[in-house]
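Residue numbers (UniProt numbering), protein chains in the order written: chain U, 1 to 412; chain E, 1 to 412.
Careful, some of the hints might be misleading.
Pairs count within a copy or across copies, as identical chains cannot be separated in the list.
To be verified - Below, a list of computed lysine-lysine pairs in the DSSO-like style, where the Cα atoms sit at most 27 Å apart:
#1 K70 with K213
#2 K70 with K32
#3 K6 with K213
#4 K202 with K6
#5 K51 with K202
#6 K202 with K70
#7 K38 with K6
#8 K38 with K51
#9 K236 with K51
#10 K213 with K202
#11 K6 with K21
It is worth saying that the hints were derived from the structure and are not from the lab.
Spelled out from the first residue to the last, the chains are:
2 protein chains.
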Amino acid sequence: MTLLGKQARNAARAMRTATGKAKADALSAMAKRLLEQKVQLMAENAKDMAKARANGLEPAMLDRLALSEKTIESMANGLRQIAEMPDPVGAFSASTTRPNGMRVAQMRVPLGVIGIIYESRPNVTIDAAALCLKSGNATILRGGSEAFHSNVALGLVIQQGLADAGLPAHAVQVVGTTDRAAVGQLITLTEYIDVIVPRGGKSLITRLAADAKVPLLKHLEGNCHVYLDAAADLGKAHDIAVNAKTYRYGICGAMETLLVHADIAASILPRLGKTLTDKGVELRGCEQTRRLLPQALVATEEDWSTEYLAPILAIRIVNSLDDAMDHIARYSSEHTESIVTESLPAATRFQREVDSSSVYVNLPTCFADGFEYGLGAEIGISTNRMHARGPVGLDGLTTMKWVLVGDGQLRG
Amino acid sequence: MTLLGKQARNAARAMRTATGKAKADALSAMAKRLLEQKVQLMAENAKDMAKARANGLEPAMLDRLALSEKTIESMANGLRQIAEMPDPVGAFSASTTRPNGMRVAQMRVPLGVIGIIYESRPNVTIDAAALCLKSGNATILRGGSEAFHSNVALGLVIQQGLADAGLPAHAVQVVGTTDRAAVGQLITLTEYIDVIVPRGGKSLITRLAADAKVPLLKHLEGNCHVYLDAAADLGKAHDIAVNAKTYRYGICGAMETLLVHADIAASILPRLGKTLTDKGVELRGCEQTRRLLPQALVATEEDWSTEYLAPILAIRIVNSLDDAMDHIARYSSEHTESIVTESLPAATRFQREVDSSSVYVNLPTCFADGFEYGLGAEIGISTNRMHARGPVGLDGLTTMKWVLVGDGQLRG
């Protein structure tokens with residue numbers, strides 16, 4: 001691991017000043033080579049699939065592990081899209097001139113060396129490597145052992161693409177071992193790794209956070225709320241709540257608890273409850289909710305803090321905007337919350353006072369996604385407070401340095 | 001500590017939405033009360049001074065510990081200046097409108113709860129509390145045991161000021177114990193503390209970094225370089241080098257190694273060497289340097305990596321801009337470096353390729369300071385790569401949340 005770290009640190013110096021053209025060329029070359037080597041890649045993937053089947057991996061997991069012609073084409077398209085995005089590196093902030101005449105500005109620069117620790121999906125190998133490369137960083141990739149052969153093969157394609165564009169081969173390195181100790185080493189190599197982006201379930205992230213010395217740009221959980229205010233438009237409220245819950249159950253932006261102002265509960269909940277029940281969503285409600293929705297089970301204290309990632313919804317009736325915000329302050333994971341209201345004061349207060357990484361007005365929480373925000377791509381959604389909060393695009397993989405230009409001004 | 005953490009977390013919620021006026025009022029009230037309570041504060045400080053003298057504290061340390069009428073007035077002035085600065089909280093980034101009509105922006109918000117761990121100077125208590133309060137955070141202050149009575153007394157003044165402005169008393173808490181274990185607890189209270197700003201020497205920071213679970217906004221060391229390029233103006237080169245070394249020996253922006261292009265070494269070094277020697281600076285040079293400066297001692301490998309913080313300077317002659325940047329890449333602590341040159345290509349390459357938090361052209365490194373950059377105030381100079389690099393002002397004590405406004409747009 002130390003050798004990989006040293007190689008990455010050296011490569012990072014070259015990557016820092018690589019031109020936007022060289023980086024785009026490398027990404028395009030990778031796309032080309034991915035398509036050319038489809039057959040070999042699928043053959044390597046078949047080894048992983050056979051082992052995974054023998055180990056009795058669940059069908060959903062097998063599905064995520066598989067590389068088909070279609071998934072390889074989609075990876076190549078992703079690479080081409082990232083190639084075409086503007087280079088984030090080298091952008092200058094507006095400069096100010098100080099009273100003594102020296103100019104002060106900030107310049108966007110890469111973070112340095114980024115480690116990615118992820119679970120089984122091999123497409124993350126391409127996706128994460130491409131975003132880190134585009135932002136001028138060197139990358140060390142450590143995928144799940146289930147995808148080992150696939151990841152090593154994809155790593156070779158990436159390094160060929162780097163060579164095609166004249167960039168250092170060590171700019172992207174795939175860890176060539178399934179040894180678990182490698183992860184423990186990666187997260188403590190503060191000398192060689194500047195930040196780790198872990199991608200995986202809550203248990204992986206919690207485990208890494210407990211032992212990491214390298215800063216983590218991490219995603220924990222999304223216990224997201226939609227609050228239907230007394231001044232909500234009932235049509236929008238119904239559609240937003242349904243979309244927030246059912247667009248996809250497994251995403252971190254899925255609504256997990258619905259809060260409804262008591263004034264509109266009787267007007268909205270029966271119809272909304274029916275739509276959700278018809279879609280197969282299990283409802284769990286507070287006492288008042290259950291009077292309006294007999295099909296709802298009893299919501300316990302635990303329900304309010306649970307990220308279901310499943311067709312289950314907790315519902316609570318509240319007496320005011322303040323009660324709704326108190327509930328959110330207490331139970332939310334500070335990921336994404338939304339208010340549905342036509343009242344400007346209510347919208348303003350909610351957006352100002354709710355302390356989550358994304359706070360919406362009249363939108364379903366399932367919009368929490370870098371593409372939807374216009375970032376073009378995302379490495380993940382950060383639940384950190386510092387550096388980058390919410391969807392993280394290329395800018396989140398960079399930092400700023402101060403650049404001052406003078407003409408011999410002295411201090412004191 | 002857990003109780004302090006809980007109280008801080010509760011206070012942070014109120015502080016998040018405190019108006020700019022309330023925060024400014026609190027700071028002005030603190031300034032007023034500081035001046036009113038001068039006598040009592042000096043009496044409390046005298047207890048610390050007596051104990052420090054009995055423990056044989058060095059005169060320089062005693063000096064930093066002392067609270068005089070003058071230092072109290074200067075603290076009050078600092079408070080008034082921070083009161084008058086614009087409120088960083090609530091600023092919106094330019095918003096974009098997505099193709100579906102929803103508006104996406106970012107809003108500047110406080111980090112939450114900030115812990116400050118610092119050594120003996122009691123003025124840090126006022127200064128750090130004021131900056132954290134202005135940026136809408138709740139703060140827990142843990143000063144050195146030498147300043148215990150002074151800090152507790154200053155903490156009371158701060159809490160009176162908060163009460164005067166109707167802000168929660170727990171928005172600023174001074175840890176009421178000198179127990180060393182308190183620090184160990186503070187740096188691991190991830191549930192209640194969002195970031196720790198340690199202020200002190202390298203040994204303190206290294207010790208904290210080894211055990212911290214809460215992110216640190218930290219300052220390690222400033223091994224700063226000035227490079228006199230072949231195309232340097234010799235007059236500027238002389239004055240910049242002298243200022244960079246001698247403005248103040250003990251600041252992190254002081255030049256520790258001077259790199260000189262071989263082409264100009266004979267024209268500049270004799271005069272520059274004489275100026276520095278006359279000012280009492282000990283010179284340590286490479287072999288070539290010593291041929292031009294007989295008074296210079298031999299610089300060893302260790303000198304290149306040393307932050308002297310003293311009237312000592314290492315000097316090395318290099319053959320090219322690339323050699324200078326290689327030296328910096330190898331030995332610099334990535335704090336502040338400067339090139340002196342009249343060549344635009346050399347200035348551009350240096351500023352782009354040197355990977356330090358501040359990179360200057362034709363300026364002495366001793367400008368590394370938030371006031372000089374126009375930040376109005378600084379909590380410190382960060383040697384982190386993420387979140388905030390270089391001088392950290394009020395913005396560095398805040399973060400951004402995403403705010404989206406729609407009108408019922410749905411996903412998918």
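Let me make sure I understand: some of the numbered hints might not hold for this structure. Which ones are they, in numerical order?
1, 6, 7 and 9
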